[in-house]
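Q: Knowing the structure of chain D, use the given hints to seat chain L on it.
Going down the list, the protein sequences come from chains D and L.
Numbering (the numbering used here) for the first sequence: 1 to 814.
Numbering (the numbering used here) for the second sequence: 1 to 814.
Quick caveat, the hints were computed from the structure, so don't treat them as lab data.
Misleading hints may appear alongside valid ones.
Any copy, or any two copies together, can satisfy a pair, since identical chains are not distinguished.
Said to hold, decoys possible - The list that follows gives simulated cross-link-like pairs (lysine to aspartate or glutamate, EDC-like), each with its CA atoms no further than 20 Å apart:
1) LYS722 - ASP692
2) LYS533 - GLU350
3) LYS206 - ASP239
4) LYS357 - ASP132
5) LYS737 - GLU527
6) LYS605 - ASP331
7) LYS140 - GLU789
8) LYS51 - ASP130
9) LYS206 - GLU277
10) LYS668 - ASP52
Number of protein chains: 2
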Amino acid sequence: MCNALESTSAFGPATSTILTPHNPLSSQDISQYNDYFHASCYLALGMIYLKDNPLLREPLQPHHLKQRLLGHFGSAPGQIFTYMHFNRVIKKYDLDAYFVSGPGHGAPAVLSQSFLEGVYSEVYPEKSQDVDGLRVFFKKFSFPGGIGSHTTPETPGSIHEGGELGYSISHAFGSVFDNPNLIALTVVGDGEAETGPLATSWHSNKFLNPVTDGAVLPVLHLNGYKINNPTILARIPNDELEKLFLGYGWQPYFVQGDELSSMHQAMARTMDRCVDEIRAIQAASRTTDSPSRPRWPMIILRSPKGWTAPRKIGDDYFAGFWRSHQVPITDPATNPSHLAILESWMRSYEPERLFGKQGKPLASITALCPEGDRRMSRNSITNGGLLLKPLKLPVFKEYQIQVDRPGATINASMHNFGRYLRDVIGANPHNFRLFGPDETESNNLGAVYEVTNKVWMGQILEEDSNGGHLAREGRVMEMLSEHTCEGWLEGYILSGRHGLLNCYEAFIHLVDSMVNQHCKWLEKSLEVDWRVKIASLNILLTAVVWRQDHNGFTHQDPGFLDLIANKSPDVVRIYLPPDGNCLLSVMDHCLRSKNYVNVIVSDKKEHLQYLDMNSAIVHCTKGIGIWPQFSTDSGQRPDLVMACCGDVSTQESLAATQYLLDEYPRLKIRFINCVDVFRLLHPSDHSHGMTDSEWVNLFTNNTPIIFNFHGYPALVHRLSYKRPGSEHLHVHGYREKGNIDTPLLLAIRNETDRFSLALQALDLIPGLGSTCAHVRQSFLHRRISACQEAFETGIDPPELTNWKWTWEQTMEDN
Amino acid sequence: MCNALESTSAFGPATSTILTPHNPLSSQDISQYNDYFHASCYLALGMIYLKDNPLLREPLQPHHLKQRLLGHFGSAPGQIFTYMHFNRVIKKYDLDAYFVSGPGHGAPAVLSQSFLEGVYSEVYPEKSQDVDGLRVFFKKFSFPGGIGSHTTPETPGSIHEGGELGYSISHAFGSVFDNPNLIALTVVGDGEAETGPLATSWHSNKFLNPVTDGAVLPVLHLNGYKINNPTILARIPNDELEKLFLGYGWQPYFVQGDELSSMHQAMARTMDRCVDEIRAIQAASRTTDSPSRPRWPMIILRSPKGWTAPRKIGDDYFAGFWRSHQVPITDPATNPSHLAILESWMRSYEPERLFGKQGKPLASITALCPEGDRRMSRNSITNGGLLLKPLKLPVFKEYQIQVDRPGATINASMHNFGRYLRDVIGANPHNFRLFGPDETESNNLGAVYEVTNKVWMGQILEEDSNGGHLAREGRVMEMLSEHTCEGWLEGYILSGRHGLLNCYEAFIHLVDSMVNQHCKWLEKSLEVDWRVKIASLNILLTAVVWRQDHNGFTHQDPGFLDLIANKSPDVVRIYLPPDGNCLLSVMDHCLRSKNYVNVIVSDKKEHLQYLDMNSAIVHCTKGIGIWPQFSTDSGQRPDLVMACCGDVSTQESLAATQYLLDEYPRLKIRFINCVDVFRLLHPSDHSHGMTDSEWVNLFTNNTPIIFNFHGYPALVHRLSYKRPGSEHLHVHGYREKGNIDTPLLLAIRNETDRFSLALQALDLIPGLGSTCAHVRQSFLHRRISACQEAFETGIDPPELTNWKWTWEQTMEDN
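Just chain D, with the same shape it has in the complex (with noise of 0.2 Å):
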């Protein structure tokens, strides 16, 4: 069996062979797609080196060149291929599409598409379809405060930068669910494809409803070469590749040669015979309504490097070659000779012909654009917040949880909080999901099977019934990569829509580098005046460390907190909400807001429940605030400020501050917690952040400070850097210590439980009295007992572990 439309035979310049003898396209056909090509591979090798002379009007003079080369050209002519011949599908059959650049360094190839549909010039008049607006196009392509060299947001038509490879097929994905008319054009570089985000996220078409999902048309560009590098798909043979993917479960078709006209007639047959395929699924499926899992098209295109550059200049390989991947000709401005080439090459695609008097592109080339909102770089699905509808979020209040002694019940606030999701869930069908590495129940959050399910296109078996929740249909997505949950998330809320991640705290580490790089995608986004804000992307993190005690010291790292905050604080926000009801407040206030990146560290287990709905809601308005239900301080100058941020970390600090005040029952403690870590920051580094006066009213200039944080202690540290009074500051947190534990014996592990909390209460309090000795011993001897009771049972003194806060009772008992 042969799937490919074309022959198989080793790639090379040969012409590609033909087996289907159907040509769509006409001789006449045939030239005008000739001189599209040509101005779009012109206007990328312009953009790479021209300041000025755009359209080579006089002689190419070392003037003309930019003075530093950037830029890359070796991806571009086929990606303009591929772009242009979706064109002619899209006018053909009136097609919903967008274009994803996954190769690295793609700009060249899609700004030139931009360029030709007229929509640069709408969107950025001054770079218009004429000889100064080209001038100013080349010039400002990879020039300072210019145009990147990926698709940044500054592109009209990308929801995908590339900067980082990876996420084409993934993010393209995320736009088209619940988009059942867009189809997604996506091509996926040979170097991108090495990578393990990039190879696993080809299985998302287990994932995709043919009824309610647009589709996907990935277009594997094999243009052979990396930096300096072949790639490893290029150098299988076509039977091999085949059969990858065919076992991925798409079906390939090879588009593949170097000799123009019949390359076109390839790629138009291939084209028209995906989008049949594509239509076909879909009718088929929505006809009957009974979707089974289909065997999506997909091209792969092998086509040169560099495609059209010379194929030599001297002794060295260009065009199919590695060494056209960035800047073909280095020196122009020093080589008579590689200038003269250059001038050669660039001349042969016509400008003066095809860009006409006044440089605008004839019209014979526009033609083959599509108009109006068809043109991909025009599709408002590439600029989401204009389609951004509000969530319908229901009334969190509702969702409370009862709290009539605070810190004196124990709830399982995720638990809780899963029932507000699922009706957020049920009252948005089409426009939320939630995303995870199949922990959505291990996570607690199982209530939204309630009203859903999870999308699962492959088989499904009678014992699947058994609680399984697997479905053609549902909101949520479940597949054990990190890399393409976190990568569909992000294409489904950068085409307008909302959603939510669930995660292991530990394990989210995974995705640091893409949650980077949407960090850095918001923040451009903010300097785009035509881009409208989207959804924030929404982590909630749970299984957090302080509950993987038995796991493992694999399974502790709440490091991810730090890479956040190095992001720039215009798009970051941080909550560890103490219980359940301000687990719900936090979240109710994440999905509504935009264009943040909110991470949300709250544990699936029970714990203490500390406030009513209403305090919590004035609580974590606040982020941070003094606990007068917790605190002997009267609003006088404390004795010990005990502060604490994140759900466990919350729990041991109140505990600490009863033993202390069993003890010392006139101590003066005032309790803080922390829900919004940004508060700790100035207001110069962070709009949440407080000054230095709101600072001292919290937590004193003299006072010692007792912190107990969820994460590595270093974060409080640079984060209350320099505030008046924070050399009495001492943090507790994860000090990277761990191992097969109980909760309790971690926490004394790292010393954020209770009694180290408390003994160093003891070290920094003075003038606590000839008792003091006395209590140091007791509290010793409970930690140490503490620990003896769990090595040998396997579980922590259930006194501990059902520990309640008990004071006020005390002090009104007294």
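A: Structure of chain L alone, referenced to chain D:
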């Protein structure tokens, strides 16, 4: 064509159909194998449940059960089945082999095998092969201070913990490189197989030389389910699955079913076939010495999750379903009927018969294990330090860069280091490899190709001779997957060799999580007395943030250092050599060191050179120090401390110093450079740390300090927290501000440029007199002019780019 030895019928409870009539096992063999399998499953179950009554000599009572039930049973039977059948071929062919357990929480499988081999009792005598030993062995599993539920460093035979999923294949490949007789039997979990790092690591077969390297035999274990979901690969037809792995370049063989006798025959037959093929491939290529890329065999094992557990309990599925993933029956202590089911299940393995009177496994069982060092859990490859040979290092001083006048010459530090690296490779042809994601040449380390090549088992074309450096054998490993490169390197050093990963600085975040896990492995290994230290994991970050100005915001992130700073101080080191001689000194040190993760940040372009070789050695040994050649304080109390860390940062600080001295020749400036970031910590926080008095000797406690740092400024803030005089410390660094820039524009945007530093000095130094306003205007003007010129010309003013230190000369001249 059907490549499967076994049928491809849909997986279910039926016996596997046997296509090949050959049955290698006698009925007596089968009986012995069943005993072995049952004994192993019993051990796995005992670890999860029992703290007492280890062989069920009494009726099972709740008090025999651990109070907290932890551990994972699901994947254990399949892994045990694989392990035990490989033992057969080890004995048959006298193989040198070890086992990599990819599925999460795979320890019960591995521990049970090590126990039956007798190795566990040899290493941990209290876990002896008798009733008392079994009791301890069972109780300590997933118990505080006990045995981890992953194959942690405490586990004999493990180099792969599997706490985070996705690295089994890349680790296995790393270990067999340059070990021509070794086979790494590698079970890949079907959940693990969904991760990105794993999905691309199958392509490692394009980098394995059958002449000089060993073999990896992957067993993809399709047990159907993850925590709460089916796995993708278990729910696609065998035909698709077969194509996928043929496409990946492997030859898959299927073994599937759940009926033990036929499964034993099938697995034995398939193992024979795989080992025969491996040996045939190796023999053929080693005889002819012209290796082609072979199609290595692999096994796809479809066996039920929780194989041999009850299929149903009440209405709920267990065996063959996700409910058997972790602890299959969770409430035996409180549910008498479940206790009875558990007891009956455990007794079905016949512990009383299989472990005899003493609690020692029957001789007929242990007879199936290999002997001595052929036992996989005893293979010294898994305690790589045992095999570690020191590198033969050239005398690094001989590669020195001539520095006659400090700060007055420019040279390419990285290119120069490439010469040294070339000779490291030349001197260690089987003991050192260089890894990188397609960037070694771009990172200016191309000199290594004078003595070696890049390994490439794919097609090699004639054009590759034009600078491609591809060969079947070589020391450089390049694949555009940071995950795979990092995994290979980890596997390579864990098995007792040396290596270096070179990577763009921003994209090292892709492997944050992997490096995290390796740090945790190293840290835990320090607590395991029989583990011998291995070579350090050396990561060279080039293409640094400050020279990625033109590539834009996505290529700028120095935050990997923050990640490293969160890890245990016992295992991490960070060096930022300011120039070429320091780079040589640092790299020599790192290549000699053991058990660290060394992160070295050094740019690949040309830079100012500051220190001659001897001064560089002294400076790097101190890690931080005053540079008198650029200081004017002559040991007196300075007016200003100008400190810096990082090559680009040092240049800007030095220029600022000179600008200030040009204006104020009598200013007493102390110039400090930091190479070793952890010198900034207290000795209590890091063994490299300095005391407060050392700190004051350097920085004083009352002088303004302008610290120009390579990374995010917060890292210096947190490291210098609570230092005397730290209120006078002003840190500059990357503030997450980027665009398409020139180097100087990027620095100015982040205020790390010479002008911004000098301007801040004017603010901080008191008593500069009446000319200060004028000088400020001049600096401001020069900063603006530089920006203007860059925006107009696209390059920085050459006089700034080529700036050199001339102050001493000026001093002398005057």
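Q: Would you mind marking each hint as holding or not holding in the structure?
A: Taking the hints in turn, this is what the structure says about them:
In this homomeric assembly, LYS722 and ASP692 come within 20 Å of each other (Cα to Cα) both inside a single copy, at 10 Å, and across copies, at 18 Å. For a Cα distance limit of 20 Å, the shortest separation of LYS533 from GLU350 qualifies neither inside one copy, at 42 Å, nor across copies, at 65 Å. For the identical chains of this complex, LYS206 and ASP239 are inter-copy neighbours only, at 16 Å across copies versus 23 Å inside a copy, given an alpha-carbon limit of 20 Å. Taking the shortest Cα distances, LYS357 and ASP132 sit within 20 Å of each other inside one copy (12 Å), while across copies they are farther apart (95 Å).
In this assembly of identical chains, LYS737 and GLU527 lie within 20 Å of each other by CA distance solely across copies; the values are 12 Å between and 42 Å within a copy. When the C-alpha separation of LYS605 and ASP331 is checked against a cutoff of 20 Å, the pair qualifies only between copies, where the shortest distance is 18 Å, while the shortest distance within a copy is 64 Å. Taking the shortest alpha-carbon separations for LYS140 and GLU789, only the inter-copy value of 14 Å comes in at or below 20 Å, while the best intra-copy value is 69 Å. Taking the shortest alpha-carbon separations for LYS51 and ASP130, only the intra-copy value of 15 Å comes in at or below 20 Å, while the best inter-copy value is 83 Å.
Taking identical chains as interchangeable, the C-alpha atoms of LYS206 and GLU277 lie at most 20 Å apart only when both belong to the same chain, with a minimum of 17 Å there against 34 Å between chains. In the homo-oligomer, the alpha carbons of LYS668 and ASP52 never lie at most 20 Å apart, since the shortest distance is 74 Å inside one protomer and 49 Å across protomers.
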